[in-house]
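Peer 1: Sequence:
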Amino acid sequence: MILAAADYALGKKDAVPPLELSDYFKCELFSSLPNGGGWKQEPFRWLQRVTVFVNVYNAIKSHSEATKRLKGKDLGEWLANNKQTLNVILHIEELRGEHVKN
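Under numbering that gives the first Met the number 0, the first residue of the sequence shown carries the number 0, and numbering increases by one thereafter.
These are calculated hints, taken from the structure and not from any lab test.
No incorrect hints appear here.
Pair ranges (Cβ atoms, derived): (1) Ile1 / Ala79: 21 to 27 Å; (2) Gly75 / Cys26: 31 to 37 Å; (3) Glu97 / Ser30: 33 to 39 Å; (4) Leu94 / Gln47: 15 to 21 Å; (5) Gly36 / Lys72: 45 to 51 Å.
Since we're looking at a predicted model, the values are computed, not measured.
Glycine residues also receive a C-beta, built at the ideal position from the N, C-alpha and C atoms.
Produce the entire structure from the sequences given, and follow the hints as far as they go.
Peer 2: If you want it as structure tokens, here you go:
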């Protein structure tokens with residue numbers, strides 16, 4: 000599911016967001032929660048999953064945008080200032096088997 004959120008953030012063809020990420024987008028769009036009674040009315044497990052998928056989505060999107068518009072020193076500076084985002088990217092690469100540890 001984490002890779003599904005990452006693929007959706009990258010705009011991969013046929014990528015489908017996890018249900019919780021779709022729920023988040025609906026919450027943002029309509030400014031309301033699925034169960035309508037505030038955060039305490041939502042199941043904790045759902046909130047936890049939404050948080051993970053939104054964090055993955057945001058990290059991938061911000062990294063993707065940064066690598067498109069920044070080069071050289073500016074990109075290095077961005078990466079230095081966004082270490083948590085970089086950690087998410089590296090974790091995703093490990094999940095995909097794309098990152099080789101030294």
